[in-house]
Amino acid sequence: MELISYQDEGQFVSGHVACGGCAEALAMRVILNTVGSDAIGVVSPSCSAVICGGYPMSAVKIPMFHTTLESAAASASGVKRALVAQNKPDTTVLCFAGDGGTYDIGLQALSSAAERNEDILYICFDNEGYMNTGGQKSSSTPLDAVTGSTPAGKTTRKKNLIEILAAHRIPYIATASPSHINDMRAKIEKAKAIRGTKVIIVLIPCLPGWGVADNAAVRTARKAVEAGVFPLLEIEDGVNYRLSVSEKGDSIESYLKEQKRYRHLDADHIARLQAETDFEWRRLQQRVADSPARNP
Amino acid sequence: MNVQQSPLWTTQTSGARLTGTWRSALPDYRFTPSPCLAACPVNGRIAEWIGKIGKEDIRGAWETLIDNNPFPAIAGRICHHPCQSACNRQYHDETVSICALERYVGDAALAEGWRFNPPAEERGERIAVIGGGPAGLSAAYQLRRRGFQVTLFDAKPKLGGLLRYGIPDYRLDKNIVDGEIERIVDLGVEVRLNAEIADAAALKKLRDAYDAVYLATGATSSKKLPGLDYNAPWVVDSADFLAAANAGNPVATGERLVVIGGGSAAMDVARTARRLGKRVTVLSLEPEDKLPAQRVEVDEAIEEDVVFVCGAMMRAVRPAAGGLALDCARVEFTPGKKRGEFAITPLENATFTLEADAIIPSIGQNADVERWRGLLGVAGPVIGTDGVWRTSVAGIFAGGDVASMDRFVTQAVGMGKEAAVEIARFVMGETAGSGFDVGPTLPFLEINTHYYPKAARHVPATAAVGERLQGFGEVQERLAAEAALAEAQRCFSCGNCIFCDNCYFYCPDMAITKLEGGYEVKSDYCKGCGLCVEECPTGSVRMREDTQG
Chain A
1 MELISYQDEG QFVSGHVACG GCAEALAMRV ILNTVGSDAI GVVSPSCSAV
51 ICGGYPMSAV KIPMFHTTLE SAAASASGVK RALVAQNKPD TTVLCFAGDG
101 GTYDIGLQAL SSAAERNEDI LYICFDNEGY MNTGGQKSSS TPLDAVTGST
151 PAGKTTRKKN LIEILAAHRI PYIATASPSH INDMRAKIEK AKAIRGTKVI
201 IVLIPCLPGW GVADNAAVRT ARKAVEAGVF PLLEIEDGVN YRLSVSEKGD
251 SIESYLKEQK RYRHLDADHI ARLQAETDFE WRRLQQRVAD SPARNP
Chain B
1001 MNVQQSPLWT TQTSGARLTG TWRSALPDYR FTPSPCLAAC PVNGRIAEWI
1051 GKIGKEDIRG AWETLIDNNP FPAIAGRICH HPCQSACNRQ YHDETVSICA
1101 LERYVGDAAL AEGWRFNPPA EERGERIAVI GGGPAGLSAA YQLRRRGFQV
1151 TLFDAKPKLG GLLRYGIPDY RLDKNIVDGE IERIVDLGVE VRLNAEIADA
1201 AALKKLRDAY DAVYLATGAT SSKKLPGLDY NAPWVVDSAD FLAAANAGNP
1251 VATGERLVVI GGGSAAMDVA RTARRLGKRV TVLSLEPEDK LPAQRVEVDE
1301 AIEEDVVFVC GAMMRAVRPA AGGLALDCAR VEFTPGKKRG EFAITPLENA
1351 TFTLEADAII PSIGQNADVE RWRGLLGVAG PVIGTDGVWR TSVAGIFAGG
1401 DVASMDRFVT QAVGMGKEAA VEIARFVMGE TAGSGFDVGP TLPFLEINTH
1451 YYPKAARHVP ATAAVGERLQ GFGEVQERLA AEAALAEAQR CFSCGNCIFC
1501 DNCYFYCPDM AITKLEGGYE VKSDYCKGCG LCVEECPTGS VRMREDTQG
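From first to last, the protein sequence lines stand for chains A and B.
For the record, in the first sequence the residue sitting at position 262 is 262 according to the numbering used here, with numbers rising by one throughout.
Count along the second sequence starting at 1, add 1000, and that's the number in the numbering used here.
Note that these hints are calculated values from the structure, not bench results.
One or more of the hints may lead you astray.
[As the list claims (entries may be wrong)] With a cut-off of at most 25 angstroms between alpha-carbon atoms, the simulated DSS-like pairs for lysine-lysine come out as follows: (1) Lys-61/A <-> Lys-1454/B; (2) Lys-248/A <-> Lys-1514/B; (3) Lys-61/A <-> Lys-192/A; (4) Lys-1514/B <-> Lys-61/A.
[To be verified] Which residues of chain A face chain B? A few of them, derived with a C-beta cut under 7 angstroms, are: (5) Ile-4; (6) Gly-53; (7) Gly-54.
[Claimed, not checked] Residues from chain A that keep clear of chain B, each with C-beta distances beyond 12 angstroms, as calculated: (8) Ser-58; (9) Leu-143; (10) Arg-219; (11) Asp-237; (12) Gly-238; (13) Ala-293.
In this text, all values refer to a predicted model and were calculated from it rather than measured experimentally.
Using N, Cα and C, we set each Cβ at its ideal position, and we do this for glycine too.
The shape of chain A in the complex, shown without the other chains (with noise of 0.2 angstroms):
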């Protein structure tokens, strides 16, 4: 079996608060010792600002900024631009927002700084829903998810924020998964040595917000993968298409079936959903076929 390797060198912290079994502590944990000490963080209002900790403490070593909701990339952007006037260049800035401060109240400012290819590196965890507020839909929320505001199911799709992104032709995009650490610190480390604008998206399963055990939410995400739910991808200069996964499964089912989030569907929205996935899929098999790297 392949084993995970990092170096863990106490850049996060026991006695965070995050929910036991979370998985976006997991994933703190992996990205900011990737990343390093010669970092500065800015944080928008989620459940990463609470699991960095609220002042007196901190469960995060590098220095962090809690900024505005809307205004997580454009912080970092002054962040970074006062470093260099420093003359301190290489000092990473690392940008941690969840989905509502990235695809909603957050993405005027991401758009703009991607437009002018400021060089941060930009982490949303993707949980799918305002769940640090108790859980309500997001523009992140996908067709059918039940979330506080949407009791019914949602009836409208997830944004396809990486095509928005991929639009701008920032030098790096990537999805990682709690699931496939050694994929998260492969992308964050090459991630930390592009300059330019560079975006992950991780995925979280919320254990509240979308009903899973709390043992299940590296499983959850995993199962993301396999079903092709949640595609691992590298997108480089917007155009350039790699899958770091490169199968999915036959069936979304067992992935929806570790979430209460989709308890109410049956048969026929389960069958279009998986119409969804697959079409999907095929989009992207296409995307990383016509990729110019691919076809110099």
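Fit chain B to the given chain A structure using the hints.
Same frame as chain A, but now just chain B:
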């Protein structure tokens, strides 16, 4: 470049907050026996030694193997491998080729000339072991390893018993037998050959002269088929036939042989006869899918053109033109509750005749329990023993075929090991053990199969049929090094920690510390989520309730 943490932003890290108070359950690292260990007649630590092969530590694998079995090269060839039938991997794709791996290690040890370490301390107690077959040798080995003075008596001119005289070379090369026995003798076992312990009086005398006696004389007389004239020149005893062929001196018979029986010995006779150029028919009461022989033996016999007439019995033999005519009838076979028990009903309207020049009944072996009459109690066809191999006489233990109807070689090896444990207790004045049950094993559902991508099993190659029938060369080949490594890596290591660090890396609370040879849970921080248990590939961590006070 190190950025200094400024005291402006925070006053302390979150380490001061003890999130362990949230918890109601705590992970618990514990070894659980794998199903293969429980099924193994010697309770070998299979997952452990296979893990060592996976790390290319063949010497280490051998050291683990020989804790329970001094015969890995022999067992790897002929064991009936209940381990493989119990293997959890079969519920994922296919069972692990445990036998082939054991042979791989056993052959390496012989090729490299690895020897057993002498006992850590010598002890004065003297033990007599009677019978140099698998049970006796196993007991002698285990006792000698514990430092006891062991004298091994055997009636034959060479050690090995069934291994030497009963199993043909094409299944078990005698150089292998010699090599693995020599290592045991070299541990300092005093061997007395051609030394038959003739009767109860002689046994009693031996008991008086030694601190304990282990009786493992095997089952050496062939069971008799009722109604068959054993004095007829065309009836050949199966044990004699095999012993003569193994000694390179085959018994002269006619061309057409009928072997009666469906067990391993019948297969050995049939396939030996094929190698001697005979035409062979096997006649068995059991239908083909219920033959007591191992399936691979039957399959290889079929490949070698042994004709099987299963689910039938011979009712009479009469002389016929140029040989014998066997009057046979099909039977209805009903298996009984225990292995070896059955009921048969001949079907009168389904009779037929077989032609032959000689008949080799091969329906099993009886233990000679009469020899010890008046001294040792008897339980049915064998010497009576309790759960820890004690006979009716204090200080005399028995095992192997003389004391059990479990008649596979490795079962005898296991009995020898168990008896050695009990003999050691006896001579040192300790209380007898309570048996050898290993307890519940790890169920398949506790394996996280995600970490084990499906992979086809590696099976050793076999020699081509034409080549096999030219002589007595071994049929099964040794796994190649790459195949052995890949096969070892298929093992789930059920209930045996492989130190993969998944529990450490998947903990969102950094609550697991890596130690030398294990892990420790920081109870100050563990929130009790169970991710470490869920992501453990091998089922070596479990949650237990933790009321914290």
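Going through the hints against the structure:
1. Lys-61/A <-> Lys-1454/B: 41 angstroms, violated
2. Lys-248/A <-> Lys-1514/B: 34 angstroms, violated
3. Lys-61/A <-> Lys-192/A: 18 angstroms, holds
4. Lys-1514/B <-> Lys-61/A: 21 angstroms, holds
5. Ile-4: Constraint on Ile-4/A satisfied, holds at 4 angstroms.
6. Gly-53: 5 angstroms, holds
7. Gly-54: Because about 10 angstroms separates Gly-54/A from the closest Cβ in chain B, which is outside the 7 angstroms limit, the hint is violated.
8. Ser-58: 4 angstroms, violated
9. Leu-143: 27 angstroms, holds
10. Arg-219: 6 angstroms, violated
11. Asp-237: Since the minimum Cβ distance to chain B is about 29 angstroms, Asp-237/A lies beyond 12 angstroms and the statement holds.
12. Gly-238: For Gly-238/A, whose nearest Cβ neighbour in chain B is about 32 angstroms away, the distance exceeds 12 angstroms, so it holds.
13. Ala-293: 28 angstroms, holds
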